[in-house]
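Chains as they are written, first to last, in the numbering used here: chain A, 55 to 291; chain B, 55 to 291.
It should be emphasised that the hints constitute simulated quantities derived from the structure, not laboratory data. Note that CB positions come from ideal geometry on N, CA and C, so glycine has one too. Please note that the accuracy of each hint is not assured.
[Claimed, not checked] Simulated DEER-style distance windows between Cβ atoms:
1. Ala243(B) x Asn175(A): 25 to 31 angstroms
2. Thr207(B) x Lys262(A): 26 to 32 angstroms
3. His240(A) x Thr207(B): 38 to 44 angstroms
There are 2 protein chains.
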Amino acid sequence: MPRCTSRPTDESIHIMPIATQNLAKYIDHTALKADTTADQIDKLCEEAVQFGFAAVCLNPVWVRRAADRLRDTDIAIACVVGFPLGANVSRVKALEAEQALQDGAIEFDMVMNVGALKAGNHDVVRDDIAAVTEITREAGGLCKVIIEAALLTDEEKRIACRLAQEAGADFVKTSTGFGPGGATLHDVALMREVVGPDMGIKAAGGIKTAEQARQMIEAGATRIGASAGVQIVTESQ
Amino acid sequence: MPRCTSRPTDESIHIMPIATQNLAKYIDHTALKADTTADQIDKLCEEAVQFGFAAVCLNPVWVRRAADRLRDTDIAIACVVGFPLGANVSRVKALEAEQALQDGAIEFDMVMNVGALKAGNHDVVRDDIAAVTEITREAGGLCKVIIEAALLTDEEKRIACRLAQEAGADFVKTSTGFGPGGATLHDVALMREVVGPDMGIKAAGGIKTAEQARQMIEAGATRIGASAGVQIVTESQ
Chain A
55 MPRCTSRPTD
65 ESIHIMPIAT
75 QNLAKYIDHT
85 ALKADTTADQ
95 IDKLCEEAVQ
105 FGFAAVCLNP
115 VWVRRAADRL
125 RDTDIAIACV
135 VGFPLGANVS
145 RVKALEAEQA
155 LQDGAIEFDM
165 VMNVGALKAG
175 NHDVVRDDIA
185 AVTEITREAG
195 GLCKVIIEAA
205 LLTDEEKRIA
215 CRLAQEAGAD
225 FVKTSTGFGP
235 GGATLHDVAL
245 MREVVGPDMG
255 IKAAGGIKTA
265 EQARQMIEAG
275 ATRIGASAGV
285 QIVTESQ
Chain B
55 MPRCTSRPTD
65 ESIHIMPIAT
75 QNLAKYIDHT
85 ALKADTTADQ
95 IDKLCEEAVQ
105 FGFAAVCLNP
115 VWVRRAADRL
125 RDTDIAIACV
135 VGFPLGANVS
145 RVKALEAEQA
155 LQDGAIEFDM
165 VMNVGALKAG
175 NHDVVRDDIA
185 AVTEITREAG
195 GLCKVIIEAA
205 LLTDEEKRIA
215 CRLAQEAGAD
225 FVKTSTGFGP
235 GGATLHDVAL
245 MREVVGPDMG
255 IKAAGGIKTA
265 EQARQMIEAG
275 ATRIGASAGV
285 QIVTESQ
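With the hints as constraints, model all of the structure from the sequences given.
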């Protein structure tokens, strides 16, 4: 079984990190394309061990395979939930998280109900997140709530972050990587301002270089989602 | 409750239709963006009634609302399943279909497991589709299998169509609209050649004009998925 949490052991990483030399510990090594194959998942897992990434971030069909490959390592398995549109009913998101937990995931990158947020149905958004955080908390896992910032106004981003916090999420995350835009420094700084120092922030979508990753961390990110993790870490050495 | 099937009443529509004057009966009026709002869903339903579309095609969170709006009409509710990546485990796809059925859907546009097809795991692909067709058949509904053709070689498209047919699906569908490409005449013709005259083919992704819709139908499509349904029908009148 993977360890119960993949929070970086240096607790300060959740606040505003200063030392960003070891970028690997910030990175969720990610493969989320529809046509990802087993060979690519195996390579992703091997690279995660080799470079010491925080987690691998995968679609549900790959969790069991990754859990087999990463047994007895400290690499967490992060599974996406309601991904990438977030427009699944809460009961299905909860079952998806439960199934992924059984399969070996311990982190859950869920997409919030964007339409409900847009319509001002805050209770619906909060309850939808809580349906997943109930499962992850009980298991000692982490729930990251993807707000898909590129679809939101700044005020909607603030509301989304507050609702995620109220629902007991561990992280807010900028983007799916499948929306109209990826992580921006503006959004990360705004999210940090709203959630305060104790909540995780994952910047994801379009981060391809060590310089970009460092800037995101300086703006307040405590985790970086990227398919270019190897390049980022290699550049930073 | 919506009617049990939305197959066009003219059975010849499933073969190679000649009369394409009434394009509306071919169209699944579609709203699948993450930030779709309740107002947009209401408008979609009103337009479906006004123009006489075959179905509305929606994300799971909107099925119940659409079912309320379309009660006592002959517009079918089509819900996407495992959308748009298809990389959810079969048990979750099945639950998503069951839930959507309870909420009022009778057609199910599911995305196949693309990675498994790419890896040659045909049993996995077939069983995954069958997990949904078992539910839809029992309910008298329709299962459309999205093969996401833009990610596949021609040979993979042929295999995908055969597996969908073997698993008891009612339709094969070209694209999610979220992948790297939409419907092409080449793909529709290829799919028609593989599945024979009795299976439905839904062309979706990038169809915006009556001329495009007519060409797709001439190539073998029996259903058109489009968010531009109103424009298509208005143009054709």
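Status of the hints after comparison with the structure:
For the pair Ala243(B) and Asn175(A), the beta carbons lie near 44 angstroms from each other, so the given range of 25 to 31 angstroms is not met. Hint check: Thr207(B) to Lys262(A), Cβ distance near 28 angstroms, so the stated range 26 to 32 angstroms holds. Remark: the range hint 38 to 44 angstroms for His240(A) to Thr207(B) is upheld by a beta-carbon distance near 41 angstroms.
The structure fails hint 1 only (numbered hints given earlier).
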